[in-house]
Each structure stands twice: as C-alpha cells, then as structure tokens.
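Colleague: Sequence:
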Amino acid sequence: MLADYLVLGLEPGATDEAVRERYLALVRIHPPEHDPQGFQDISLAYERLKDRHSRIRHQLFGYRTAGDVEASLAYLARAVKPTRNRVGLKTLLKALKKTNPGTSK
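Numbering follows the working numbering, in which position 6 of the sequence shown is assigned residue number 64; successive positions increment by one, without gaps.
Hints are computed from structural coordinates only; laboratory data are not their basis. All C-beta atoms in this analysis are idealised placements derived from N, C-alpha and C, irrespective of residue type, glycine included. Among the hints, erroneous ones may be present.
Unchecked claim - Now the in silico label distances, taken between C-beta atoms and shown as ranges:
#1 D93 <-> G71: 45 to 51 Å
#2 V85 <-> A61: 17 to 23 Å
#3 K155 <-> K108: 33 to 39 Å
#4 S112 <-> R86: 29 to 35 Å
#5 K152 <-> V85: 42 to 48 Å
#6 Q117 <-> P90: 38 to 44 Å
#7 E69 <-> L102: 16 to 22 Å
#8 R78 <-> Q98: 17 to 23 Å
#9 E91 <-> L64: 20 to 26 Å
#10 G96 <-> K156: 41 to 47 Å
Said to hold, decoys possible - Derived pair list, reagent style DMTMM-like, types lysine to aspartate or glutamate, alpha-carbon separation capped at 20 Å:
#11 K108 <-> D74
#12 K152 <-> E105
#13 K152 <-> E91
#14 K152 <-> D109
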C-alpha cells in the first residue's frame with residue numbers, strides 16, 4: 059500500500075481528490091504511448107487508492123488475494139439465494155462445485 063503512495067508521490071493520508079488530481083497530473087507527464095510501463099504502474103496505484111473501498115480491500119486482503127476474496131463472496135451470494143439465508147459448509151461446497159466443476163473436495 060505504501061508503494062502505491064510512493065508511485066503517485068503522495069502522503070499515506072491523502073484524500074480521494076488529492077489522489078485523483080495527482081493521477082491526472084502524472085498521466086499527462088507519462089502518457090501510455092511514450093511510457094507504457096510508467097503509465098501501467100501509475101494506473102495500478104490509482105486503482106488501488108482511488109476510493110475508500112479499494113484502499114480497505116487491498117489493506118485487508120492484499121493485492122494478490124483481493125480477486126480470490128471477491129470470488130469467494132460471489133460463491134457465498136450464490137449459495138445464500140437457494141437456501142434462504144441458511145448457509146452451511148455443505149451448501150457452500152455444493153455451490154463451489156457447481157460453479158467450478160474441476161475443484162476437488
């Protein structure tokens with residue numbers, strides 16, 4: 059998380075508006091056609107810091123597992139619907155098998 063602030067050149071307590079303004083300024087300096095790697099780094103840092111929810115998700119779950127957590131929550135949401143809010147381990151495993159047939163027990 060701190061590396062993202064360093065990429066954008068901001069302090070860790072920066073507001074959403076400050077993050078957005080800095081991102082736009084850096085994109086003007088490092089356009090994708092002249093500096094693709096720099097633009098990619100800036101865009102990735104902005105995606106992680108652009109709003110409060112993104113910051114919290116990446117702070118709690120890390121960068122690699124954020125997609126895994128979202129997928130797990132999607133499985134949970136699919137499992138809750140047919141059981142009318144009574145979710146047990148067996149129900150979750152069944153939902154997981156239905157959505158990912160290649161997974162094992």
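Colleague: Decide, hint by hint, whether the structure agrees.
Modeller: Okay, the hints, checked on the actual structure:
no.: 1; hint: D93 <-> G71: 45 to 51 Å; verdict: violated (28 Å)
no.: 2; hint: V85 <-> A61: 17 to 23 Å; verdict: holds (18 Å)
no.: 3; hint: K155 <-> K108: 33 to 39 Å; verdict: holds (35 Å)
no.: 4; hint: S112 <-> R86: 29 to 35 Å; verdict: violated (22 Å)
no.: 5; hint: K152 <-> V85: 42 to 48 Å; verdict: holds (46 Å)
no.: 6; hint: Q117 <-> P90: 38 to 44 Å; verdict: violated (28 Å)
no.: 7; hint: E69 <-> L102: 16 to 22 Å; verdict: holds (19 Å)
no.: 8; hint: R78 <-> Q98: 17 to 23 Å; verdict: holds (18 Å)
no.: 9; hint: E91 <-> L64: 20 to 26 Å; verdict: holds (24 Å)
no.: 10; hint: G96 <-> K156: 41 to 47 Å; verdict: holds (43 Å)
no.: 11; hint: K108 <-> D74; verdict: holds (6 Å)
no.: 12; hint: K152 <-> E105; verdict: violated (34 Å)
no.: 13; hint: K152 <-> E91; verdict: violated (47 Å)
no.: 14; hint: K152 <-> D109; verdict: violated (35 Å)
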